Amino acid sequence: MAVSTLPRSDSFKYDQVSRYINDLIDKGNLKPGDKAPSLRKLSKQLGVSISTVSQSYLSLEDQGILSAKPQSGFFINALANQINNIPKSTTTLGQPRKVRFGELFEEIFLNANNPRIVPFGTSRPSMEFMPIKSLTRTTRSIISRHPQKCMDYCFPPGDRKLREQIAHQYEHTSTRVSPDDVIITSGATEALSLSLQAVAKRGDIIAVESPTYFAVLRLIEKMGMLALEIDTDPQTGMELDALGDAFDTMDIKAVLASPNISNPLGSLMPEDKKRQMVIMLAERDVPLIEDDVYGNVYFGDKQPRAAKSYDLNNLVLSCSSFSKTLAPGYRIGWVLAGRYRNKVLELKQATFSATSSINQFAMAEFLSSGQYDRHLVRLRKTMHDQVEKGRYMIAKSFPEGTCISNPQGGNVAWVEMPRGCNSIEIFNRALQKNIGVTPGILFSATRRFKNYLRINCGFPWDETNQRAIATLGQIVSDLREDAPV
1324 MAVSTLPRSD SFKYDQVSRY INDLIDKGNL KPGDKAPSLR KLSKQLGVSI
1374 STVSQSYLSL EDQGILSAKP QSGFFINALA NQINNIPKST TTLGQPRKVR
1424 FGELFEEIFL NANNPRIVPF GTSRPSMEFM PIKSLTRTTR SIISRHPQKC
1474 MDYCFPPGDR KLREQIAHQY EHTSTRVSPD DVIITSGATE ALSLSLQAVA
1524 KRGDIIAVES PTYFAVLRLI EKMGMLALEI DTDPQTGMEL DALGDAFDTM
1574 DIKAVLASPN ISNPLGSLMP EDKKRQMVIM LAERDVPLIE DDVYGNVYFG
1624 DKQPRAAKSY DLNNLVLSCS SFSKTLAPGY RIGWVLAGRY RNKVLELKQA
1674 TFSATSSINQ FAMAEFLSSG QYDRHLVRLR KTMHDQVEKG RYMIAKSFPE
1724 GTCISNPQGG NVAWVEMPRG CNSIEIFNRA LQKNIGVTPG ILFSATRRFK
1774 NYLRINCGFP WDETNQRAIA TLGQIVSDLR EDAPV
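Start counting the sequence shown at 1324; every next residue gets the next number (this note's numbering).
Just so you know, the hints here were simulated from the structure itself, not pulled from any lab data.
From a predicted model like this one, the values you see are computed outputs, not experimental measurements.
Take the hints with a grain of salt, since some may be wrong.
[Stated by the list, open to error] Straight line, CA to CA, 27 Å or less: simulated BS3-like cross-link-like pairs of lysine-lysine:
{"no.": "1", "residue 1": "K1358", "residue 2": "K1421"}
{"no.": "2", "residue 1": "K1421", "residue 2": "K1712"}
{"no.": "3", "residue 1": "K1625", "residue 2": "K1666"}
{"no.": "4", "residue 1": "K1576", "residue 2": "K1350"}
{"no.": "5", "residue 1": "K1350", "residue 2": "K1756"}
{"no.": "6", "residue 1": "K1484", "residue 2": "K1472"}
{"no.": "7", "residue 1": "K1350", "residue 2": "K1367"}
{"no.": "8", "residue 1": "K1354", "residue 2": "K1364"}
{"no.": "9", "residue 1": "K1625", "residue 2": "K1596"}
{"no.": "10", "residue 1": "K1456", "residue 2": "K1704"}
{"no.": "11", "residue 1": "K1545", "residue 2": "K1524"}
{"no.": "12", "residue 1": "K1354", "residue 2": "K1367"}
{"no.": "13", "residue 1": "K1350", "residue 2": "K1364"}
{"no.": "14", "residue 1": "K1625", "residue 2": "K1719"}
{"no.": "15", "residue 1": "K1421", "residue 2": "K1625"}
{"no.": "16", "residue 1": "K1756", "residue 2": "K1773"}
{"no.": "17", "residue 1": "K1704", "residue 2": "K1421"}
{"no.": "18", "residue 1": "K1392", "residue 2": "K1712"}
{"no.": "19", "residue 1": "K1545", "residue 2": "K1576"}
{"no.": "20", "residue 1": "K1712", "residue 2": "K1666"}
{"no.": "21", "residue 1": "K1756", "residue 2": "K1354"}
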């Protein structure tokens, strides 16, 4: 079998070796009990150093993919197939639906603020992985140097220096952005909300991924719009053939999707597919609302391009924030609204909701110092390790037949449990033991995914969290045994 030499990025060579071994397992070329290629053989075959292969194998051992035998080498672990057994692509019902989840949404958010609850039900990384001291120093410095400015309003579109720094960030994704294109918002949720209001009205159909982030469904619910779920591949995102079929039969006013690292799947749309999606929508003059909040938390060696980078018609409204990468409490987000800029700005101004001045100034200085870019390098590596460890813990603790997503970024895992396991019942039983999870039905307007959970892997795998995963696995096993045959 011919094998091409791997890309040469020093920072990610060992991750690429790991993916190569996982691909062999996925394709059935390596099975549980088989011996993995020797360090020397794989080093020569892939054109990387022996130490790189060794580091990769040790990482795979930590993840439960490989196990080492003294004097014999590395072997494929019995759990490898379960860890690499990902959920299937979705097939939707094809009808737009009203979203009705009010009380369950409220309970999820209420539990997220309870420090006694193990936070598997949230979607943010632990603050332990954030540069809190550095950002605090920056904030204090800003206040001491510009006290009056910090206490005044900073009206839309937001602080000029921050907008310049955000525009500069897009250079990493081959996206040309002017500071004038950027509108600062109070987090990504407000950016998505303003974007929806700018392109659609009550009763309009919005095409979304299936599953899709429940906060998106919540916004659609509150605005009286209809959510149309589109078939979605757990690795490559929304299926364009299914989207095209939907356009043939329905009056879709907008598409809201996360081409780069979706929540909860962690899918990453390939660049060709991403470009095709933007072209498809442009041909129909339909706007794309791009939720790019996880776009900086990718696990590959190259940052994926924003869908906005392919936008030649100013039809893409790209939304993001610092909530998943730096400081959720600062509530700093933004939207690149294209041809809808004036409408979004008008909606933002109409709410009289100026975003915090202090936080904008501090964030601008933190970005300009280069600290944010250095932090992102560390965060991506940390989240990759966290997710792989989490996938191993889930595979080890949950019953046979469990499927676990293989995220391309972010910090959450999407878990398909054996049929008969009701995620609402699991949610309730877990809560009694102070463990939070997010039931799968929240990610569908049609209340699908009843036997799915989203689990946050973004907190340290300390003894408490490892026990919690084991307990959660036992709850799932008990429910499976109780389920009628």
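Right, here's what the structure says about each hint:
Note on K1358 and K1421: the hinted pairing is violated, with a Cα-Cα distance of about 52 Å set against a maximum of 27 Å. Of the pairs offered as hints, the one joining K1421 and K1712 is violated, with about 37 Å between alpha carbons and a cut-off of 27 Å exceeded. Using a Cα cut-off of 27 Å, the hinted pair K1625 and K1666 is violated, with the two alpha carbons roughly 34 Å apart. For the hint pairing K1576 with K1350, the CA-to-CA distance comes to about 40 Å; that exceeds 27 Å, so the pair is violated.
Straight-line distance between C-alpha atoms of K1350 and K1756 comes to about 39 Å, which puts the hinted pair past the 27 Å bound. Among the hinted pairs, K1484 with K1472 is consistent with the structure: their alpha-carbon atoms are about 14 Å apart, no more than 27 Å. Between K1350 and K1367, the direct Cα distance comes to roughly 22 Å. Compliance with the 27 Å bound is thereby established for this hinted pair. The straight-line distance between the Cα atoms of K1354 and K1364 is roughly 19 Å, inside the 27 Å bound, and the hint therefore holds.
At roughly 17 Å between alpha-carbon atoms, K1625 and K1596 fall within 27 Å of each other, so this suggested pair holds. For the hint linking K1456 to K1704, the alpha-carbon distance of about 20 Å falls within 27 Å, and the restraint holds. Distance hint between K1545 and K1524 is fulfilled; the C-alpha atoms sit about 11 Å from each other, no more than 27 Å. As the CA atoms of K1354 and K1367 are separated by approximately 22 Å, the hinted pair is consistent with the 27 Å bound.
Taking the CA atoms of K1350 and K1364, the gap is about 20 Å. The hint holds against a cut of 27 Å. For the hint linking K1625 to K1719, the alpha-carbon distance of about 31 Å lies beyond 27 Å, and the restraint is violated. Between K1421 and K1625, the direct Cα distance comes to roughly 38 Å. Violation of the 27 Å bound is thereby established for this hinted pair. This hinted pair checks out: K1756 and K1773 have alpha carbons roughly 21 Å apart, not beyond 27 Å.
Taking the CA atoms of K1704 and K1421, the gap is about 39 Å. The hint is violated against a cut of 27 Å. Under the criterion of a C-alpha separation no larger than 27 Å, the hint pairing K1392 with K1712 is consistent with the structure, at around 21 Å. Distance hint between K1545 and K1576 is fulfilled; the C-alpha atoms sit about 17 Å from each other, no more than 27 Å. In summary, the hint linking K1712 to K1666 is not supported, as the alpha carbons are separated by about 44 Å, beyond the 27 Å threshold.
Distance hint between K1756 and K1354 is unfulfilled; the C-alpha atoms sit about 37 Å from each other, more than 27 Å.
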